[in-house]
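Assemble the complex: chain H is given as a structure, and chain C must be docked to it using the hints.
Protein chains: 2
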Amino acid sequence: MLPEDQLWFTEYHAPGGMAQSWLLQAEKIDERRSPFQHIEIYQTASFGKLMAIDGCVMLTTRDNFLYHEMMTHPALFSHRGPQRVAIIGGGDCGALLEVLKHDTVQQVTQIDIDEQVTRLAEIHFPELTRGNDDPRANLLFDDGLAWIRDAESDSLDVIIIDSTDPIGPAEGLFGPQFIADCFRALKPGGVIVQQSESPLIHQALIKGIRDNMRAAGAGDLRTLGFPQPCYPSGWWSATLAIKGEGSLDAFRHADASNKAFDTLYYNAELHRGGLSEPAFLRAALE
Amino acid sequence: MLPEDQLWFTEYHAPGGMAQSWLLQAEKIDERRSPFQHIEIYQTASFGKLMAIDGCVMLTTRDNFLYHEMMTHPALFSHRGPQRVAIIGGGDCGALLEVLKHDTVQQVTQIDIDEQVTRLAEIHFPELTRGNDDPRANLLFDDGLAWIRDAESDSLDVIIIDSTDPIGPAEGLFGPQFIADCFRALKPGGVIVQQSESPLIHQALIKGIRDNMRAAGAGDLRTLGFPQPCYPSGWWSATLAIKGEGSLDAFRHADASNKAFDTLYYNAELHRGGLSEPAFLRAALE
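So the protein lines, in turn, are chains H and C.
Using this note's numbering, the first residue of the first sequence is number 1, and each one after it goes up by one.
Using this note's numbering, the first residue of the second sequence is number 1, and each one after it goes up by one.
These aren't lab readings, by the way, just hints derived from the structure by calculation.
Be aware that one or more of the hints could be misleading.
Part of the chain H face toward chain C, derived, beta carbon under 8 angstroms [what the hints assert, rightly or not]:
#1 17
#2 26
#3 40
#4 41
#5 44
#6 56
#7 60
#8 100
#9 234
#10 260
#11 264
#12 265
#13 273
#14 280
Over the 10 angstroms line for every Cβ pair with chain H, so calculated as not near, a few chain C residues [stated by the list, open to error]:
#15 18
#16 56
#17 62
#18 109
#19 146
#20 201
#21 217
#22 225
#23 252
#24 271
#25 286
Yeah, the Cβ is synthetic: ideal placement off N, Cα and C, and Gly gets one too.
Bound conformation, chain H alone:
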């Protein structure tokens, strides 16, 4: 049992049969009930601030760098020169900030349905929203499914699907129609990356994502695992694919090794290693 004289935030993950708890310094410090979801902010004892949406931890100050770096740099270095990028979801703006580090990028459009996520991130995670005033960044608060459906064909180099779990507002982002629409909007050779939950406890979901991408025209496809302590099982994944011909193994390794910006976790060798999926995962996905 948790010490009862202390404050805790607990996320109970039913499919995993697990729960994770964070010791808090105080009661909830902020919250918003948007038309879409319930967003809460807590001050933890050792992970900095924590944002939860509908009871699920979205990020903490201390460990969000893992997710944000791994959702962006492998995809961007897998494209020969990404200029036009779209982020679906991503309201905390941490992925946007990483994308803007790439000097090939000319325009990033971020489409999150819930403006309140970004407003709370500006207050409580200002280190993540520093890129929002970049002239290349275009923040829209709208329906990502509709935006992608209406996007011009062959118009985007990279699409990043940085969504919440596949329940609630994000459910459609895990469906085959949305992924087909993304592939239509990508240029040939374009790269898509979708957050694909835990390699240990969400294998059926990962398989579904990969099936969607294959059906939509993925020439190559890979699921990269990475540590993410604040998510169930502490282990998360990003599933990448290329539209049409191309190989994810042929990513710009030299550019990644000599990148002109800092990362805390991502590096070219971890990227290359991650492309080799562990046997247990490969077996589960076949």
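Structure of chain C alone, referenced to chain H:
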């Protein structure tokens, strides 16, 4: 809060300000109080069986393959032809089983202070103790510190320190004298690997391990991270070093790629990628 009408096992990790809980199918199914520690066995809802020692999760059926593979194969493939191996700790015998997969190995001596850990593993994790009758395996229930102190100089190819946390019986295994004794017992070019806790929440401990190894004569040294959902933060590490001259980057990559045995997580590319430590960790260790 956790659903109160269900049974849970919770590990509270004070330094991390976190706790992790597993849903149980039943009350505790077995336990032993040895002269050294309190060992408990639980049947979880989705991670199989769980062994805890003094309240800390040691392993579960579902995810122990990660730790056992990463504590053994990187070290064994970093040696040109490991024949004589010692495991300090390792009472559940999962690391021993992985070591025995290497056909160069002629003798593995495992020294765990607590026979009851192995006896409970034989009952509840029989898939891990299948190697115990191998004629190359020599199981001793004794003090690992004394065994290493008394070991012949230059007699071992690989030493694996598969211990519990650095409190209680394992405390001495994290001290400089024990590591110096290990290096004395290793042949030149021998490889040592020590479980070194979480890259996110135990950086001071990892630094101490590396300082010990450097002081004892490590020619090359690296901390490899890997996912381990049942441990605090879901992210764990193994710190490897070579005695005297040698490079961990020069591991037997071709042998690892063409290995004659199966692994579920370990592969040659993940091994190579892991050798490139993330910048945040390198900064914390300098």
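Against the structure, the hints:
no.	hint	result
1	17	holds, 3 angstroms
2	26	violated, 13 angstroms
3	40	violated, 15 angstroms
4	41	violated, 17 angstroms
5	44	holds, 6 angstroms
6	56	violated, 15 angstroms
7	60	violated, 10 angstroms
8	100	violated, 19 angstroms
9	234	holds, 1 angstroms
10	260	violated, 14 angstroms
11	264	holds, 4 angstroms
12	265	holds, 4 angstroms
13	273	holds, 2 angstroms
14	280	holds, 4 angstroms
15	18	violated, 6 angstroms
16	56	holds, 15 angstroms
17	62	violated, 7 angstroms
18	109	holds, 29 angstroms
19	146	holds, 36 angstroms
20	201	violated, 8 angstroms
21	217	holds, 27 angstroms
22	225	violated, 7 angstroms
23	252	holds, 16 angstroms
24	271	violated, 8 angstroms
25	286	holds, 14 angstroms
In terms of the numbered hints stated before, the structure departs from hints 2, 3, 4, 6, 7, 8, 10, 15, 17, 20, 22 and 24, listed from lowest to highest.
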